[in-house]
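Order-wise, the sequence lines are chains A, B, C and D.
Its first residue numbered 8, the first sequence is counted upward by one per residue in the working numbering.
Its first residue numbered 8, the second sequence is counted upward by one per residue in the working numbering.
Its first residue numbered 8, the third sequence is counted upward by one per residue in the working numbering.
Its first residue numbered 8, the fourth sequence is counted upward by one per residue in the working numbering.
A portion of the hints provided could be inaccurate.
Since the list can't tell identical chains apart, any single copy or any two copies may satisfy a pair.
What the hints assert, rightly or not - Cut-off 35 Å, straight-line C-alpha distance, at most; resulting in silico cross-link-like pairs (DSBU-like, lysine-lysine):
id : residue 1 : residue 2
1  : Lys30     : Lys156
2  : Lys14     : Lys30
3  : Lys151    : Lys30
Calculated directly from the structure, the hints in this document are not laboratory data.
There are 4 protein chains.
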Amino acid sequence: MTSFPSKERLAHIVYESDDRASKNFDLGLLVLILLSVLVVILDSVREIHLNYGSLLYWLEWFFTIVFTLEYLLRIWLSNDRPGYIFGFYGIVDLLAILPTFLSLILVQSQYLMVVRALRFLRILRILKLPEYLREAALLASALKNSRAKIQIFVGSVLTIVLVMGSIMYIIEGPENGYTSIPRAMYWAIVTLTTVGYGDISPNTDLGQFMASIIMLLGYAIIAVPTGIVTSEMTFAKSKTEAAGEHTLKICKTCRLQRHSADAVYCRQCGSKLEPPE
Amino acid sequence: MTSFPSKERLAHIVYESDDRASKNFDLGLLVLILLSVLVVILDSVREIHLNYGSLLYWLEWFFTIVFTLEYLLRIWLSNDRPGYIFGFYGIVDLLAILPTFLSLILVQSQYLMVVRALRFLRILRILKLPEYLREAALLASALKNSRAKIQIFVGSVLTIVLVMGSIMYIIEGPENGYTSIPRAMYWAIVTLTTVGYGDISPNTDLGQFMASIIMLLGYAIIAVPTGIVTSEMTFAKSKTEAAGEHTLKICKTCRLQRHSADAVYCRQCGSKLEPPE
Amino acid sequence: MTSFPSKERLAHIVYESDDRASKNFDLGLLVLILLSVLVVILDSVREIHLNYGSLLYWLEWFFTIVFTLEYLLRIWLSNDRPGYIFGFYGIVDLLAILPTFLSLILVQSQYLMVVRALRFLRILRILKLPEYLREAALLASALKNSRAKIQIFVGSVLTIVLVMGSIMYIIEGPENGYTSIPRAMYWAIVTLTTVGYGDISPNTDLGQFMASIIMLLGYAIIAVPTGIVTSEMTFAKSKTEAAGEHTLKICKTCRLQRHSADAVYCRQCGSKLEPPE
Amino acid sequence: MTSFPSKERLAHIVYESDDRASKNFDLGLLVLILLSVLVVILDSVREIHLNYGSLLYWLEWFFTIVFTLEYLLRIWLSNDRPGYIFGFYGIVDLLAILPTFLSLILVQSQYLMVVRALRFLRILRILKLPEYLREAALLASALKNSRAKIQIFVGSVLTIVLVMGSIMYIIEGPENGYTSIPRAMYWAIVTLTTVGYGDISPNTDLGQFMASIIMLLGYAIIAVPTGIVTSEMTFAKSKTEAAGEHTLKICKTCRLQRHSADAVYCRQCGSKLEPPE
Numbered sequence: 008m009t010s011f012p013s014k015e016r017l018a019h020i021v022y023e024s025d026d027r028a029s030k031n032f033d034l035g036l037l038v039l040i041l042l043s044v045l046v047v048i049l050d051s052v053r054e055i056h057l058n059y060g061s062l063l064y065w066l067e068w069f070f071t072i073v074f075t076l077e078y079l080l081r082i083w084l085s086n087d088r089p090g091y092i093f094g095f096y097g098i099v100d101l102l103a104i105l106p107t108f109l110s111l112i113l114v115q116s117q118y119l120m121v122v123r124a125l126r127f128l129r130i131l132r133i134l135k136l137p138e139y140l141r142e143a144a145l146l147a148s149a150l151k152n153s154r155a156k157i158q159i160f161v162g163s164v165l166t167i168v169l170v171m172g173s174i175m176y177i178i179e180g181p182e183n184g185y186t187s188i189p190r191a192m193y194w195a196i197v198t199l200t201t202v203g204y205g206d207i208s209p210n211t212d213l214g215q216f217m218a219s220i221i222m223l224l225g226y227a228i229i230a231v232p233t234g235i236v237t238s239e240m241t242f243a244k245s246k247t248e249a250a251g252e253h254t255l256k257i258c259k260t261c262r263l264q265r266h267s268a269d270a271v272y273c274r275q276c277g278s279k280l281e282p283p284e
Numbered sequence: 008m009t010s011f012p013s014k015e016r017l018a019h020i021v022y023e024s025d026d027r028a029s030k031n032f033d034l035g036l037l038v039l040i041l042l043s044v045l046v047v048i049l050d051s052v053r054e055i056h057l058n059y060g061s062l063l064y065w066l067e068w069f070f071t072i073v074f075t076l077e078y079l080l081r082i083w084l085s086n087d088r089p090g091y092i093f094g095f096y097g098i099v100d101l102l103a104i105l106p107t108f109l110s111l112i113l114v115q116s117q118y119l120m121v122v123r124a125l126r127f128l129r130i131l132r133i134l135k136l137p138e139y140l141r142e143a144a145l146l147a148s149a150l151k152n153s154r155a156k157i158q159i160f161v162g163s164v165l166t167i168v169l170v171m172g173s174i175m176y177i178i179e180g181p182e183n184g185y186t187s188i189p190r191a192m193y194w195a196i197v198t199l200t201t202v203g204y205g206d207i208s209p210n211t212d213l214g215q216f217m218a219s220i221i222m223l224l225g226y227a228i229i230a231v232p233t234g235i236v237t238s239e240m241t242f243a244k245s246k247t248e249a250a251g252e253h254t255l256k257i258c259k260t261c262r263l264q265r266h267s268a269d270a271v272y273c274r275q276c277g278s279k280l281e282p283p284e
Numbered sequence: 008m009t010s011f012p013s014k015e016r017l018a019h020i021v022y023e024s025d026d027r028a029s030k031n032f033d034l035g036l037l038v039l040i041l042l043s044v045l046v047v048i049l050d051s052v053r054e055i056h057l058n059y060g061s062l063l064y065w066l067e068w069f070f071t072i073v074f075t076l077e078y079l080l081r082i083w084l085s086n087d088r089p090g091y092i093f094g095f096y097g098i099v100d101l102l103a104i105l106p107t108f109l110s111l112i113l114v115q116s117q118y119l120m121v122v123r124a125l126r127f128l129r130i131l132r133i134l135k136l137p138e139y140l141r142e143a144a145l146l147a148s149a150l151k152n153s154r155a156k157i158q159i160f161v162g163s164v165l166t167i168v169l170v171m172g173s174i175m176y177i178i179e180g181p182e183n184g185y186t187s188i189p190r191a192m193y194w195a196i197v198t199l200t201t202v203g204y205g206d207i208s209p210n211t212d213l214g215q216f217m218a219s220i221i222m223l224l225g226y227a228i229i230a231v232p233t234g235i236v237t238s239e240m241t242f243a244k245s246k247t248e249a250a251g252e253h254t255l256k257i258c259k260t261c262r263l264q265r266h267s268a269d270a271v272y273c274r275q276c277g278s279k280l281e282p283p284e
Numbered sequence: 008m009t010s011f012p013s014k015e016r017l018a019h020i021v022y023e024s025d026d027r028a029s030k031n032f033d034l035g036l037l038v039l040i041l042l043s044v045l046v047v048i049l050d051s052v053r054e055i056h057l058n059y060g061s062l063l064y065w066l067e068w069f070f071t072i073v074f075t076l077e078y079l080l081r082i083w084l085s086n087d088r089p090g091y092i093f094g095f096y097g098i099v100d101l102l103a104i105l106p107t108f109l110s111l112i113l114v115q116s117q118y119l120m121v122v123r124a125l126r127f128l129r130i131l132r133i134l135k136l137p138e139y140l141r142e143a144a145l146l147a148s149a150l151k152n153s154r155a156k157i158q159i160f161v162g163s164v165l166t167i168v169l170v171m172g173s174i175m176y177i178i179e180g181p182e183n184g185y186t187s188i189p190r191a192m193y194w195a196i197v198t199l200t201t202v203g204y205g206d207i208s209p210n211t212d213l214g215q216f217m218a219s220i221i222m223l224l225g226y227a228i229i230a231v232p233t234g235i236v237t238s239e240m241t242f243a244k245s246k247t248e249a250a251g252e253h254t255l256k257i258c259k260t261c262r263l264q265r266h267s268a269d270a271v272y273c274r275q276c277g278s279k280l281e282p283p284e
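One chain only, chain A, in its complex shape:
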């Protein structure tokens, strides 16, 4: 930026990402977000906290001030201020800086850490990059298309977890770690998703038999979300290809439709094709 840019120019740089400067702005912001997240992660490691705690503390304040300035800049530049401030990204931007300021007031460690976690929401701002928005839109439509399938899938998973959890609670009982139905349901989820920590596992023969059934169920059920996503993706892909392969040219003479993209003459009657209007 050779000369100081106008307000319109600044607004473009900050809110759009279609030219050099605005792309660089987004990228720089992304790097800052990742660094600020890295600081929080490192600070959580005992040894590092003891040795470099103060350095990380000041780094944190540096990032907080930078993000605060950016937040104020966005408010100043926005041509729809309430729309930004109370919009999704405005709230995320605020949540990303609040914790550090709050940490001055409430010193009780546990709370402090809770609000610290909120800072990770900064990473959500990466989602503002355009290609992510496009993909997200595709994904959203795919989900909408197979809403019914997903409902029945989630419904059956929850039913299995509920029924199996309570059955195992009855079979195994508290003496084997199934201290309550919620805990037994936690075990059922651990098993159905094939995670299998082993912190709770069936000990009775009947319990192991029931567990085998739920495992084989999970084995079959895991196929469903895959099937949904895959069929949606395959279909979206084939549609894109088809669109690329065929123009909507129609032969005026013999009414043949769907000519391949490079067709100049009708492959059926040989008469010249008009360009698609």
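We have chain A already, so just place chains B, C and D on it with the hints.
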């Protein structure tokens, strides 16, 4: 419901779900079912049982009475009483209320809990919602289509579990936790489904080698159910799309519909087709 | 079977499965195989062995004699005796009866159990059922089609297991349970296949970082076999459908091909279609 | 090889793999690589090292000398020496022999083992086999096609790991094994990938609830890579098939090939097509 509805109207509300009132009835019932399930879950948590046990006890009776009234209402309204009472949903509805009444007679805790679990079957009544019925039909046909594939899949899984289980029982033996072939088969299922609790795991070199093989087998075999479900879904989807591709031309002579997009003459009677208006 | 059947008839019943009697023969055999397998399983459970050991012992001899008679019957009926005896199923049939006879000679328990395991091979005879043979043929062709993909998949899996195993062996070392590269490779397989027993797991920070990488790798790699199987199944399905949807009729007048199955007149030029020769 | 081959011939044998001799050379090399890898693996097993250590030591030197000779041979034969030496395979070949020589100089065991691991890179040379190169190219293009999808997938996985890890670190805390955010992130990866060692697992009710959510998330997310790979494979397959469907008609006028099955006139120049002979 402004005035008290006629019996026909009530029957419609209870058994159908195509208008406002009947939908609300189903929805209200669904909420009651979920609440009654929640009560059983909470009651299983020691702390909650000690503090709120009596409250939950009365809540349970409240739900049981409501469902009993609904059950009797359904019998009264049904125009095919034996068909309902001995049908799938009739039995489910009965099983959903019996346990609480039984709990008055048989006080032996273990049994009491067994019948309690039956109450979760109430949740199956959600399946009566129409969109679930449609999806279930689709799923059923998909399963029927690939019955042979599923049979061979289940067959090979059981064979692997059987052979691998017995081999591991011989290799590892009781001293490593493989106390019997059924238990070794339980381990084989835990491994093949990639759950892997670790409550039983091979200790000998040969055992670990065999385990590696069964794991890699499971890695390949898990692809089969996914493939079945996905190909069925993809095909069902493409068929729906194809139906959309057909033009809505109708042959004026023989009334044949769904001509392919490039059809100029009716493929059935040979008379010329009018262009789609 | 009213009268005693001829030898040809018997051979048909034993070797084919296209009519009532032969189907029943296969089915009865299948039931016997499953029962004999069940006996071995039950016999491995300590309590059952102590209480019903002698009963199971005699049941085992009963099954062995039945299968021996069947084996001799097959040899007698076969019109290509060496072909049967030294063929796959002939050997399986022999292996299914040998162990029990061997158990008379070699009494040393460990060996006895090894040969006992062989008896499970009886279950392989289920594969003789026709629908299994058909499906197996389909599967075999699918595997042949994507042989290169499978090779590169297995190759990369083994490479990852090898490299990751040795790296973890160096990082974690014997003090953390990675006592040798083969054991470290066993851990790598347990991790890559997402089984995760937890009998061996990384303790150092670097080890946990490497483990995270191999887990995410496994997460991506598990997609490959699924992709292979699914694309093969989807393609096979679509081909079957396409064959059903289009006849190979060609319009003699305008050379239009791929008319829909119910087409009587060419949809392009309206001239009558000859039936496919 | 009856007579000693010319340098051109040797270069062909070493660098190509399109005829008998060159194929045998590649195959022999592959066997040597696998054997040398096997030696390193066996040497890592304590018992074997104690008994056969010296034998393995000499075998290792034998392989190293053979690979050194091959390396020099390749340099001598290459018609673009710097291109080979500083190319990918040249560096791999060098790394494959260096460790053993280095082991003479630096005797400190730990370092020695690190460089030893490098020798496994020899296995990468298998990738030089042509069919692997083709498949790798296909795979690469597929990855390029769905780059955006993969980015958003990896991005969301990392975000989930980051956010969930830090939340669990706050909920469970060091007393339950979540000693730092990086360790909590390691746990999140172990859970999300459904590996589930159980070395770290949630103990608090809230922690188990959060864990259940991340597991179900992982259950859904695992569908994405599968969907990507499968749709790419299915599409690639269908494209190959489609190519097969095109008739081999060639327009005599403008030489355009690959006309669709029902083409009567060339879609490019409009001249009549001869029927396929």
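Against the structure, the hints come out as follows:
Proximity of Lys30 and Lys156 under a CA criterion of 35 Å is satisfied inter-copy only: 20 Å between copies versus 39 Å inside one chain copy. For a Cα distance limit of 35 Å, the shortest separation of Lys14 from Lys30 inside one copy, 17 Å, qualifies, whereas the shortest one across copies, 55 Å, does not. Taking identical chains as interchangeable, the C-alpha atoms of Lys151 and Lys30 lie at most 35 Å apart whether they share a chain (31 Å) or sit on different chains (22 Å).
Of the numbered hints stated above, none is contradicted by the structure.
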